[in-house]
Amino acid sequence: MPLLNFLKKNKRKCDRNSRTFPPELIRPIVLNLKNDKKSLHSCLLVSRDWCKETVDLLWRQPFHFLYTCNKTNPSGFSRFKNSKKCHCSNEKRQYQVTNLLMTYLSIKHDKEFVEKGIIKAKSERITFNYFEFLFVLDLHELYCAIKDWNKWNKSNSKLRKDNYSLTFESIMRYFITNTPKLKILSFDTKFKTNKKIDNDHNYFSNRDNYILDSLIKESKIPEIIHFFDNLTELVLAISGCGIFSSFSQICRNIQKLIIRIDSPFYGVVRVESYQLASLIRSQHNLVHFELFGTPEMGINKTLESLKESQHNSLKTLILNNSRIDYNATILSYLKYLQNLQELRFNNCICKRNIYFSIKKYKNDIFDDRKNYEEGLWLPNLKYLQVDYIDEKEEEFNELSFVISSILIRCSPLIFNSNI
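Going by the working numbering, the sequence shown opens with residue 1475, and the numbers climb by one from there.
Just to be clear, a hint being listed does not mean it is correct.
The list that follows gives simulated cross-link-like pairs (lysine-lysine, BS3-like), each with its CA atoms no further than 27 Å apart [unchecked claim]: (1) Lys1694 to Lys1657; (2) Lys1585 to Lys1625; (3) Lys1508 to Lys1657; (4) Lys1809 to Lys1781; (5) Lys1809 to Lys1856; (6) Lys1694 to Lys1789; (7) Lys1730 to Lys1508; (8) Lys1856 to Lys1775; (9) Lys1596 to Lys1621; (10) Lys1511 to Lys1590; (11) Lys1730 to Lys1694; (12) Lys1585 to Lys1512; (13) Lys1655 to Lys1511; (14) Lys1775 to Lys1809; (15) Lys1526 to Lys1512; (16) Lys1789 to Lys1730; (17) Lys1628 to Lys1594; (18) Lys1590 to Lys1625; (19) Lys1596 to Lys1582; (20) Lys1655 to Lys1512; (21) Lys1628 to Lys1585; (22) Lys1511 to Lys1526; (23) Lys1657 to Lys1730; (24) Lys1655 to Lys1582; (25) Lys1730 to Lys1856; (26) Lys1625 to Lys1655; (27) Lys1508 to Lys1566; (28) Lys1694 to Lys1655; (29) Lys1621 to Lys1694; (30) Lys1590 to Lys1628; (31) Lys1596 to Lys1511; (32) Lys1625 to Lys1566; (33) Lys1628 to Lys1582; (34) Lys1694 to Lys1582; (35) Lys1566 to Lys1594; (36) Lys1621 to Lys1585; (37) Lys1730 to Lys1781; (38) Lys1730 to Lys1655.
Derived from the structure by calculation, the hints contain no laboratory data.
Required output: the full structure, derived from the provided sequences and hints.
Structure follows, in structure tokens:
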């Protein structure tokens, strides 16, 4: 990149003139590079002023940088989108992971890691408390880092007498108790399905969400309370009875919530839908809500909780791959979300009724003699997307058009709609 080459070629000159280069000009430059790992690292080495203005950006989501090779995604929600993966060699990545985790472990000198010989009781002074900069934490990325650490340690154990390994539970607790400013936390489906970190060490507990259960038992610890209370964005793309209920007890300030309910068992979906409703109601100011893969019963329970507790704050509602059988019911909830600005139905599944023809089924849902627009008025809605498919994953264009037509007539500000 041009700026990267400039910094490399002019490092000495920039260093001599750094005192006359005001920080208020440095900051906009590094902000423009916030997703470019290589350029940020070059900025870090220019001078003290450049380092001061760059270090927080480079360490706001270090595990994300480690596994994405300059991927341009500013948040922790890459789990639902195709993105570039890290193409570094396993050895290089494992070496980088080991250095990264050793840096974090050397900040607080936790007694557990000292006793196990993972870190020394007294080590070199760390320049910054990098926990202060940690803004985004994806548990799958952290899990991968521990896995790579253990592989690196195992492959190099012949050169040393020690052969220690890290457990996910101990590292997760260490990060939670020492990270004061985290805003985005992500649970990933891969985190649930990968049961062990190493072939020989550190099996995950068979109990669903055992880490959360353990942390909630310790929720009276001020550092843990602050960690969860400080979160503003939360991704829960992991099934397991109790997880939504657990978070509803410790999180109150979530503004952006992304949820996936993906279970083939009706009983599990029913329980999780009720617990999700509890999580929604416990938030003080939910602005963005996105849901993946939920049957109609779960959709109705979710919309009911949004209507009752978040009708004044919710601005974005996105339903993805959700099963919706009776659309009139959905519209009846929407009329209470007066501040909604963005509404999306992405690949929502409309169930075919085997006892009726498609035409009669549609007429059952939307009878022209009924006025579904009565009381439905979305004065702030600016973006609308309606995309329906049937159970055979075929486009249901006519039904999408009917839904869109009703919503557009009730939304005077819509200027961008995808029908």
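Do the hints match the structure? See the list:
1. The straight-line distance between the Cα atoms of Lys1694 and Lys1657 is roughly 20 Å, inside the 27 Å bound, and the hint therefore holds.
2. Between Lys1585 and Lys1625 the CA atoms are separated by roughly 23 Å; this keeps the pair inside 27 Å, and the hint holds.
3. With a CA separation close to 17 Å, the supplied pair Lys1508 and Lys1657 stays within the 27 Å bound.
4. For the hint linking Lys1809 to Lys1781, the alpha-carbon distance of about 9 Å falls within 27 Å, and the restraint holds.
5. About 15 Å separates the Cα atoms of Lys1809 and Lys1856, which keeps this hinted pair within 27 Å; it holds.
6. Of the supplied pair hints, the one linking Lys1694 and Lys1789 is violated, its CA atoms being roughly 33 Å apart against a limit of 27 Å.
7. Straight-line distance between C-alpha atoms of Lys1730 and Lys1508 comes to about 21 Å, which keeps the hinted pair within the 27 Å bound.
8. Proximity of Lys1856 to Lys1775 is assessed by CA-CA distance (about 25 Å); at most 27 Å being required, the pair is judged to hold.
9. Our distance criterion of 27 Å between C-alpha atoms is met by Lys1596 and Lys1621, whose separation comes to about 26 Å.
10. For the hint pairing Lys1511 with Lys1590, the CA-to-CA distance comes to about 33 Å; that exceeds 27 Å, so the pair is violated.
11. Proximity of Lys1730 to Lys1694 is assessed by CA-CA distance (about 25 Å); at most 27 Å being required, the pair is judged to hold.
12. Taking the CA atoms of Lys1585 and Lys1512, the gap is near 34 Å; set against the 27 Å cutoff, the hint is violated.
13. Pair hint Lys1655 plus Lys1511 holds up; C-alpha atoms about 21 Å apart against a cutoff of 27 Å.
14. For the given pair, Lys1775 sits about 16 Å from Lys1809 by alpha-carbon distance, which is consistent with the 27 Å threshold.
15. At roughly 17 Å between alpha-carbon atoms, Lys1526 and Lys1512 fall within 27 Å of each other, so this suggested pair holds.
16. Only pairs whose Cα atoms come within 27 Å are accepted, and Lys1789 paired with Lys1730 is accepted, the gap being roughly 10 Å.
17. Proximity of Lys1628 to Lys1594 is assessed by CA-CA distance (about 19 Å); at most 27 Å being required, the pair is judged to hold.
18. Taking the CA atoms of Lys1590 and Lys1625, the gap is near 17 Å; set against the 27 Å cutoff, the hint holds.
19. Between Lys1596 and Lys1582 the CA atoms are separated by roughly 11 Å; this keeps the pair inside 27 Å, and the hint holds.
20. A hinted pair counts as satisfied when its Cα atoms are at most 27 Å apart, and Lys1655 with Lys1512 qualifies at roughly 25 Å.
21. Simply put, Lys1628 and Lys1585 have alpha-carbon atoms about 23 Å apart, close enough for the 27 Å limit, and the pair holds.
22. Of the pairs offered as hints, the one joining Lys1511 and Lys1526 holds, with about 16 Å between alpha carbons and a cut-off of 27 Å not exceeded.
23. Our distance criterion of 27 Å between C-alpha atoms is met by Lys1657 and Lys1730, whose separation comes to about 10 Å.
24. The suggested pairing of Lys1655 with Lys1582 holds, with an alpha-carbon distance near 16 Å, which does not exceed 27 Å.
25. Distance check on the hinted pair: Lys1730 and Lys1856 sit about 19 Å apart at the alpha-carbon level, within 27 Å; holds.
26. A C-alpha spacing of about 30 Å is found between Lys1625 and Lys1655, which places the hinted pair above 27 Å, so the restraint is violated.
27. About 23 Å separates the Cα atoms of Lys1508 and Lys1566, which keeps this hinted pair within 27 Å; it holds.
28. Proposed proximity of Lys1694 and Lys1655 is supported: the alpha carbons are some 18 Å apart, at most 27 Å.
29. For the suggested pair Lys1621 and Lys1694, the alpha carbons sit about 30 Å apart, so the restraint of at most 27 Å is broken.
30. Proximity of Lys1590 to Lys1628 is assessed by CA-CA distance (about 15 Å); at most 27 Å being required, the pair is judged to hold.
31. Pair hint Lys1596 plus Lys1511 does not hold up; C-alpha atoms about 30 Å apart against a cutoff of 27 Å.
32. Proximity of Lys1625 to Lys1566 is assessed by CA-CA distance (about 12 Å); at most 27 Å being required, the pair is judged to hold.
33. Taking the CA atoms of Lys1628 and Lys1582, the gap is about 25 Å. The hint holds against a cut of 27 Å.
34. A hinted pair counts as satisfied when its Cα atoms are at most 27 Å apart, and Lys1694 with Lys1582 qualifies at roughly 21 Å.
35. A C-alpha spacing of about 24 Å is found between Lys1566 and Lys1594, which places the hinted pair at or below 27 Å, so the restraint holds.
36. Restraint check: the Cα-Cα separation between Lys1621 and Lys1585 comes to about 22 Å, which is no more than 27 Å; the hinted pair holds.
37. Taking the CA atoms of Lys1730 and Lys1781, the gap is near 16 Å; set against the 27 Å cutoff, the hint holds.
38. Taking the CA atoms of Lys1730 and Lys1655, the gap is about 16 Å. The hint holds against a cut of 27 Å.
The structure shown violates the earlier hints numbered 6, 10, 12, 26, 29, 31.
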